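Here the sequence shown is numbered in the working numbering, starting from 1 and rising by one per residue.
Hints listed in this document are in silico derivations from the structure and should not be mistaken for laboratory results.
Nothing here was measured: the structure is a model prediction, and the numbers come from that model.
Possibly wrong hints are sitting among the right ones.
Label pairs and their in silico Cβ distance ranges [unchecked claim]:
id, residue 1, residue 2, range
1, Ala352, Leu447, 35 to 43 angstroms
2, Glu40, Asp434, 17 to 25 angstroms
3, Pro174, Ile495, 31 to 39 angstroms
4, Glu40, Asp383, 27 to 35 angstroms
5, Gln203, Val291, 48 to 56 angstroms
6, Ala30, Asn195, 35 to 43 angstroms
7, Glu518, Thr43, 30 to 38 angstroms
8, Asn37, Lys334, 56 to 64 angstroms
9, Asn405, Leu175, 47 to 55 angstroms
10, Ala352, Ala529, 31 to 39 angstroms
11, Arg381, Val105, 46 to 54 angstroms
12, Glu40, Ala143, 19 to 27 angstroms
13, Ser339, Glu526, 24 to 32 angstroms
14, Ala30, Ile115, 17 to 25 angstroms
Straight-line alpha carbon distances no greater than 30 angstroms define the calculated DSSO-like cross-link-like pairs of lysine-lysine that follow [unchecked claim]:
id, residue 1, residue 2
15, Lys118, Lys246
16, Lys246, Lys126
17, Lys355, Lys268
Each residue gets a CB set at the ideal place from its N, CA and C atoms; glycine is no exception.
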Amino acid sequence: MNKNGAWLTQYALEQLGITHTFGIPGVQNAEIYDHLNQSESITPLLVNHEMNAAFMADAVSRTSAGSVGTMLIVSGSGVTHAISGIGEAYLAGIPLLIIAGADAVNAEQSSYPYIDAKEILKPLTKAIFSVNDQQQIVETLFAAYRIATSDRPGPVFVEIPLDIQVLSADIDAPLPIYSHSTDNEAESTSDADLNAAATQLLQADLPGIIVGWDAVDTQAEVIALAQQIGAPVCTTLSGVSSFPAKHPLHAGMIFGPAAVPSAESAFKDCDCLLAIGTNLNEVDTASGSAVLPANIIYITRDKENFSDQETSSLLRGNIQQITTNLLYKLQEKKPAAVSRPALLEDIANHKAQFKKEWQGHNSRGLVNPAVFFNKLQAAIRDDAVIITDDGLHTFLAAELLPINNPRSFISPSSFNAMGYCIPAVNAAKLVNPDKQVVGIVGDGAMLMSGMEALTAVRENLGAIYCIFNDGKLSRINHSQRISDDQTTCTQLGNINWGAFADSIECGYIPVRHNNDIEVALRHALETAAHNQPVFLDISIDYSRHSNYAQGVEKTNAARFSSMNKLGMLGRAIVRKLTG
1 MNKNGAWLTQ YALEQLGITH TFGIPGVQNA EIYDHLNQSE SITPLLVNHE MNAAFMADAV
61 SRTSAGSVGT MLIVSGSGVT HAISGIGEAY LAGIPLLIIA GADAVNAEQS SYPYIDAKEI
121 LKPLTKAIFS VNDQQQIVET LFAAYRIATS DRPGPVFVEI PLDIQVLSAD IDAPLPIYSH
181 STDNEAESTS DADLNAAATQ LLQADLPGII VGWDAVDTQA EVIALAQQIG APVCTTLSGV
241 SSFPAKHPLH AGMIFGPAAV PSAESAFKDC DCLLAIGTNL NEVDTASGSA VLPANIIYIT
301 RDKENFSDQE TSSLLRGNIQ QITTNLLYKL QEKKPAAVSR PALLEDIANH KAQFKKEWQG
361 HNSRGLVNPA VFFNKLQAAI RDDAVIITDD GLHTFLAAEL LPINNPRSFI SPSSFNAMGY
421 CIPAVNAAKL VNPDKQVVGI VGDGAMLMSG MEALTAVREN LGAIYCIFND GKLSRINHSQ
481 RISDDQTTCT QLGNINWGAF ADSIECGYIP VRHNNDIEVA LRHALETAAH NQPVFLDISI
541 DYSRHSNYAQ GVEKTNAARF SSMNKLGMLG RAIVRKLTG
């Protein structure tokens, strides 16, 4: 058969089950855009910036199980614009398929400035492909998809030159058909390893479980395992939706001094930790504030990142299958489930007290975050998708808003890329049209990617964007004031978000006080139900920070020597006195 590269790209993406691509058309990829526009199953979506395309692709992969977010950009500036989003996906283990149109194979590179996008992306991707002829396109995209979704997922880059897209060539028939394998991970955990892990857990006085993002589709298995051994469960930030907050064994996000009181108390005597779907990095342990027990058992699909860690046990492979097999081993060794009524009572009491303290916090006429999240929880359905950006609001949401369903809470958690929320909300609504999708975004992050709300208007997406508005880059502003009593470059000024909403024909509702919240949420949900995006402009009170943020600050400060601490204190005093 005789086909051009753009047609073959369309065929391959249809075979892979891709439903949307995100990017901006340019000279080097317009032919592919034109072909995808003719597809009955794929919708090419225009964004306002390639960084947002990466965030949207990321959110597709995170909020729709089995889907892989796909970008269609151009090499050069298209790639460099997208790097923040690609880096976030790479560090978080999120599969992305990045297709970039490039100059023709025989184009004269020396006649104008040239940057090799492939070299730039090497540290941020699992693999890089450059297509040399039309025959390679289908199999290359199939291979890229397999790599992106296997072992620890991540971004894969495929560059397709312009002439290969446009020109036709004889292609071997029939074209290959993609087979979606359900077993991408080879099982490498032995029966002896499972036996040893089960024995460790049963011999522990108080085993504990921490679950990360890679366990997000293993919620039922983790619940059964936790109930079997009577273990408290906490989550990482990215894994907030990996275990239901309504379960009596749910203690909170992370453990240790940076955790909420229920998690800190539940894990204080933990002598064996089962880490499922997390490698316990700096973010997962609040900059190392969480003191790990001597006995740690990892269940992971990751082939790397464990070589330097001393582990009691490393169970590597399909997380869901290993968790199930470990449960069977535990039941074989001790059929009766372990009951810890005192632990359950302790968790419940600490949660109730924490909520009471937050609800009673004096927010000085502004919106109390706990009151807002409490009313938000009451207003939305249990399967609603919550998306945060990066900032103080991120950890407040994770600590104050109970999340029960898998893939119903996502945030930038590893690369800490601001600007994530707005495009991610759009993408989540695209692939979850029947779910309520709510974004929590700081005003600083809103300035980075807020224009992407125009995409939601254009596509009739009933998205809700909650702007936590205090006129500052609050996370850094707070640190500045503590250490140096300075506010250098963290004052944003007054932004008229209502005028911005009007300019793009987006809904707008101001929320100035706690009493405004309930009515505002009801109106926002009604607006979104009619396929119109809406901003909630919330005058937020950040006078009380999350436990996580406070714990990280204390831990980082403790890392300085006494002499350095004295020097920093002296500098702060001088700046306070001199202004």
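**Item:** Pairwise hint evaluation, Lys246 against Lys118, where the allowed Cα distance is 30 angstroms at most
**Value:** 46 angstroms, violated
**Request:** For the range 24 to 32 angstroms, tell me whether the beta carbons of Ser339 and Glu526 fit it or not.
**Result:** 46 angstroms, violated
**Request:** Return holds or violated for the Cβ distance of Pro174 and Ile495 against the range 31 to 39 angstroms.
**Result:** 57 angstroms, violated
**Asked** Okay, Ala352 versus Leu447 on CB: inside 35 to 43 angstroms?
**Response** 38 angstroms, holds
**Asked** Between Ala30 and Ile115, does the C-beta distance stay in 17 to 25 angstroms?
**Response** 21 angstroms, holds
**Message:** Within 48 to 56 angstroms: is that where the Cβ-Cβ distance between Gln203 and Val291 falls?
**Reply:** Because 20 angstroms falls outside the window, the suggested range is violated.
**Asked** Taking the CB of Glu40 and the CB of Asp383, does the distance hold inside 27 to 35 angstroms?
**Response** 28 angstroms, holds
**Request:** Indicate whether the distance between the beta carbons of Asn405 and Leu175 respects the range 47 to 55 angstroms.
**Result:** 38 angstroms, violated
**Request:** With respect to the beta-carbon atoms only, verify the hint that Arg381 and Val105 lie 46 to 54 angstroms apart.
**Result:** 52 angstroms, holds
**Prompt:** CA of Lys355 to CA of Lys268, is that 30 angstroms or under?
**Reply:** Holds: Lys355 and Lys268 sit about 21 angstroms apart, inside 30 angstroms.
**Message:** Within 17 to 25 angstroms: is that where the Cβ-Cβ distance between Glu40 and Asp434 falls?
**Reply:** 21 angstroms, holds
**Asked** If you check the beta carbons of Glu518 and Thr43, does the distance land in 30 to 38 angstroms?
**Response** 36 angstroms, holds
The structure fails hints 3, 5, 6, 9, 13, 15 and 16 (numbered hints given earlier, in ascending order).
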